[in-house]
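Visitor: Those sequence lines, one after another, are chains A and B. For the first sequence, numbering that gives the first Met the number 0 begins at 0 and goes up steadily by one. For the second sequence, numbering that gives the first Met the number 0 begins at 0 and goes up steadily by one.
Hints may contain errors.
As the list claims (entries may be wrong) - Covered by chain A, per the in silico footprint, the following chain B stretches (three or more residues, Cβ under 8 Å):
#, stretch
1, 12-20
2, 26-38
3, 43-49
4, 68-82
5, 109-115
6, 126-138
Claimed, not checked - Cβ-Cβ distance ranges computed for the label pairs, FRET-style:
#, chain 1, residue 1, chain 2, residue 2, range
7, B, Asp-63, A, Ser-40, 36 to 44 Å
8, B, Asp-112, A, Thr-46, 18 to 26 Å
9, B, Thr-54, A, Glu-23, 32 to 40 Å
10, A, Glu-65, B, Arg-62, 18 to 26 Å
11, A, Cys-11, B, Asp-57, 25 to 33 Å
12, A, Thr-10, B, Arg-83, 42 to 50 Å
13, A, Cys-11, B, Arg-82, 38 to 46 Å
14, A, Cys-41, B, Arg-83, 44 to 52 Å
15, B, Asp-61, A, Thr-46, 13 to 21 Å
16, B, Gln-139, A, Ala-43, 22 to 30 Å
17, B, Arg-83, A, Asp-60, 32 to 40 Å
18, B, Asp-63, A, Asp-36, 33 to 41 Å
19, B, Arg-62, A, Gly-76, 20 to 28 Å
20, B, Leu-13, A, Thr-46, 46 to 54 Å
Quick caveat, the hints were computed from the structure, so don't treat them as lab data. This structure is a prediction, so every number in the text was calculated from the model and none was measured. For every residue, glycine included, the Cβ atom is placed at its ideal position computed from N, Cα and C.
Letter by letter, the chains look like this.
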Amino acid sequence: MVGDDPTAAITCELMAEMLTDLMEGDLPAEIEAAALDHLASCRACETVLADTRAVQKLARDHGRIELDPDDRDRMLGAILAEVDGAPGPTRTTEAE
Amino acid sequence: MTTGMAIRVEPAALRLVEELFVIHVDAVFNVAYRVVWSRPDAEDVVQATFIKAFTRLDQLKDRDRIRPWLLQVAYREAITVIRRRRDVPVDPAEFPERRATGPGPDDVAVAADVASALGRALASLSEGERMAVVLRDVEQLPMREVATVMGIGRSAAKMRVHRGRQALRSRLEGQDLW
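Could you put together the complete structure from these sequences and hints?
Guide: Quick look at the structure:
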């Protein structure tokens with residue numbers, strides 16, 4: 000994603016392309032340093048990064064559909080019903 | 000969903016799969032649900048995934064590979080489900096989101112609103128971008144496992160995560176969610 004001398008000119012367009020590489024820690028050290036320099040002086044790119052991190056956090060905190068114990072037991076019961084030699088369904092929930 | 004054919008298993012195998020179920024059922028369900036957008040269909044995918052686990056126990060001895068293996072099976076099963084029902088589209092806007100929790104009623108209501116907004120935004124993504132974001136940001140898989148589950152290279156997985164996050168940012172900004 001980066002040209003011959005990326006540290007010379009990190010543009011906003013380039014920054015947008017590198018955002019996930021930066022967040023994943025996948026950039027070579029000198030390019031990462033240049034990207035961080037760009038972010039320190041570019042309000043727009045800094046906002047994009049902050050908002051992307053906010054989206055990431057939102058997904059982590061609110062993206063998971065929680066199953067309740069009855070859901071789990073019903074599903075495990077259906078699975079065990081397919082298995083020869085399995086006992087009846089048991090509670091799957093760990094200490095509540 | 001029933002196969003109509005009982006699978007004979009040893010007690011040790013049974014214990015292992017039950018243990019895997021307890022640990023991984025939520026992740027398997029979430030991967031399935033974000034593809035099929037139907038709770039009964041997602042539960043069928045969960046069932047098919049763990050039944051397949053009974054028949055592939057030799058592949059599950061390496062503990063590090065269990066989660067990506069189960070999620071890959073679930074993802075493929077879910078894709079099969081939506082291909083099979085191509086003529087019966089499900090409206091993602093009608094999906095029930097998670098049961099929100101919080102210390103008080105206001106917190107519960109806010110959490111439910113946030114989850115619904117996020118769910119609608121996720122539903123608007125392409126299937127590949129949505130799954131990449133679900134695996135990386137919701138299920139917190141490392142990028143190499145995202146790639147494994149989706150059957151693509153790490154660079155391609157990272158690109159889908161990137162595009163998915165930016166699409167979510169675009170759809171969710173201005174809603175006072177952060």
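Visitor: Are there at least three residues in the stretch 43-49 of chain B whose beta carbon sits under 8 Å from a beta carbon of chain A?
Guide: holds (count 3)
Visitor: May I ask you to test the hint 25 to 33 Å on the CB atoms belonging to Cys-11(A) and Asp-57(B)?
Guide: Given range 25 to 33 Å: violated, Cβ gap about 51 Å.
Visitor: Quick check on a hinted range of 13 to 21 Å for Asp-61(B) and Thr-46(A), using CB atoms only.
Guide: Once the Cβ atoms are compared, 43 Å apart, the range 13 to 21 Å for Thr-46(A) and Asp-61(B) is violated.
Visitor: Does the hinted range 42 to 50 Å hold for Thr-10(A) and Arg-83(B) at CB?
Guide: Given about 46 Å between the Cβ atoms, the range holds.
Visitor: Regarding Asp-63(B) and Ser-40(A), is the given constraint of 36 to 44 Å on their beta-carbon distance met?
Guide: 42 Å, holds
Visitor: Between the stretch 109-115 of chain B and chain A, see if three or more residues pass the 8 Å beta-carbon test, and mark the coverage as holds or violated.
Guide: Coverage by chain A holds here, the residue count being 3 at a Cβ distance below 8 Å.
Visitor: Could you check the hint for me, namely that Leu-13(B) and Thr-46(A) are 46 to 54 Å apart, CB to CB?
Guide: 53 Å, holds
Visitor: Three residues or more, CB to CB closer than 8 Å: is that satisfied between the stretch 26-38 of chain B and chain A?
Guide: Our answer is that it holds, as 3 residues pass the Cβ test (under 8 Å) against chain A, meeting three.
Visitor: Is the coverage entry for the stretch 12-20 of chain B by chain A consistent with the three-residue Cβ rule at 8 Å?
Guide: holds (count 4)
Visitor: Quick check: do three or more residues in the stretch 126-138 of chain B have a beta carbon closer than 8 Å to a beta carbon of chain A?
Guide: Since 5 is at least three, the answer is holds.
Visitor: Between the stretch 68-82 of chain B and chain A, are there enough contacts, at least three residues with CB-CB distance under 8 Å, for the coverage claim to hold?
Guide: violated (count 0)
Visitor: Does the hinted range 32 to 40 Å hold for Arg-83(B) and Asp-60(A) at CB?
Guide: Since Arg-83(B) and Asp-60(A) have Cβ atoms about 33 Å apart, the given range 32 to 40 Å holds.
This entry does not satisfy hints 4, 11 and 15, going by the numbered hints stated previously.
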